[in-house]
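Protein chains in written order, with numbering that gives the first Met the number 0: chain X, 0 to 186; chain R, 0 to 94.
Keep in mind that a hint or two might mislead.
[Unchecked claim] Sample of chain X residues facing chain R (criterion: CB under 7 Å; computed from the structure):
no., residue
1, A58
2, G60
3, G74
4, P75
5, R143
6, M145
[What the hints assert, rightly or not] To give an idea of the chain X side of the interface with chain R (calculated C-beta under 8 Å), a few residues:
no., residue
7, G54
8, P59
9, P67
10, M73
11, T144
Bear in mind the hints are in silico, worked out from the structure with no lab data behind them.
Built from N, CA and C at the ideal position, the CB exists for glycine as well.
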Amino acid sequence: MHDLQPVTALGGADPHIDTFDHITITGNNGLALASVAARMGHEKACHTALKKLLGTVPAPGKAVLHDPEAGFWMGPDQWMIGAPRETHELLADALKNKFGDAASVTEQSGAWVCFDVIGPAMPDLCERLCAVPIRRMVAGDAQRTMIHQLGCFVIRRDNPEHIRILGPRASAGSLHHALITAAHSVG
Amino acid sequence: MIIDHPLLGPRDASEFTYMGDAKLIDRPDWQSQTAAQEFYEYGYLRDNPAGWHEELWFHEAGDRSWLVVTRNTVTHDISKVELARDVARARGRSK
Numbered sequence: 000m001h002d003l004q005p006v007t008a009l010g011g012a013d014p015h016i017d018t019f020d021h022i023t024i025t026g027n028n029g030l031a032l033a034s035v036a037a038r039m040g041h042e043k044a045c046h047t048a049l050k051k052l053l054g055t056v057p058a059p060g061k062a063v064l065h066d067p068e069a070g071f072w073m074g075p076d077q078w079m080i081g082a083p084r085e086t087h088e089l090l091a092d093a094l095k096n097k098f099g100d101a102a103s104v105t106e107q108s109g110a111w112v113c114f115d116v117i118g119p120a121m122p123d124l125c126e127r128l129c130a131v132p133i134r135r136m137v138a139g140d141a142q143r144t145m146i147h148q149l150g151c152f153v154i155r156r157d158n159p160e161h162i163r164i165l166g167p168r169a170s171a172g173s174l175h176h177a178l179i180t181a182a183h184s185v186g
Numbered sequence: 000m001i002i003d004h005p006l007l008g009p010r011d012a013s014e015f016t017y018m019g020d021a022k023l024i025d026r027p028d029w030q031s032q033t034a035a036q037e038f039y040e041y042g043y044l045r046d047n048p049a050g051w052h053e054e055l056w057f058h059e060a061g062d063r064s065w066l067v068v069t070r071n072t073v074t075h076d077i078s079k080v081e082l083a084r085d086v087a088r089a090r091g092r093s094k
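Throw the hints in and build the complete structure from the sequences for me.
Quick look at the structure:
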């Protein structure tokens, strides 16, 4: 048996935390992710399964912040489902059992890096980073956008000072650099 | 230029990539007697109108959907934006 130690997207055993005066950027290591894409002709069955899972089907540009599984809309008939990694490490397999032939499910945990940006300067930082209309967004809004030339999701959480950013894990260092640069500039 | 996405509302054109004439949806039947000629025209011949033009745009920095945008090539006015899959299905493509 191999004895392998998991590392975070930025390397090391523990998530990176960067603290500034008005903002804290925390690497979130605790997410399991899987995408769900409705198969053609099975859209209704997929919606029913999503409703059972999340309570409601995430509308375009929206997230459903449900516990333990949460989900957001990625594109027409496509959603991302997230859950705590501790309890849902095999999320994709579990979802496949629930959706059956209604949807194609793809493991996404290893594809994304997640940063939680929290603090009173969050809207200022977000405006320097990307083109989402952060001050018009409300809790539960989720938008895909470009940050530092990387396609990322920006999700506004219940706490009005909190956004969650999902970006490509292979470019975690670049995304982290962009976040830190923006955090310095909002001082 | 602002593209009014049918699902997400007005979005800046910098989020999109132009993917060509919307006539690309009308792929010829490969079993047709005149398939070679039709594919030549499909592959190479394009109108280049000064005026209204139906175009394919890809929302690359957004929800990754393909759109059919009716745009005036002279004024950059946009009169209509539809999901390409709805247009294709209305024309009998993809069942």
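Verification of the supplied hints:
1. A58: violated, 9 Å
2. G60: Holds. Min distance 6 Å.
3. G74: This hint holds: G74(X) lies near chain R, its Cβ roughly 4 Å from the closest one there, short of 7 Å.
4. P75: holds, 5 Å
5. R143: This hint holds: R143(X) lies near chain R, its Cβ roughly 5 Å from the closest one there, short of 7 Å.
6. M145: The hint holds - M145(X) has a Cβ within 7 Å of chain R, the shortest such distance being about 4 Å.
7. G54: violated, 21 Å
8. P59: This hint holds: P59(X) lies near chain R, its Cβ roughly 4 Å from the closest one there, short of 8 Å.
9. P67: violated, 26 Å
10. M73: holds, 7 Å
11. T144: Status holds, d = 6 Å.
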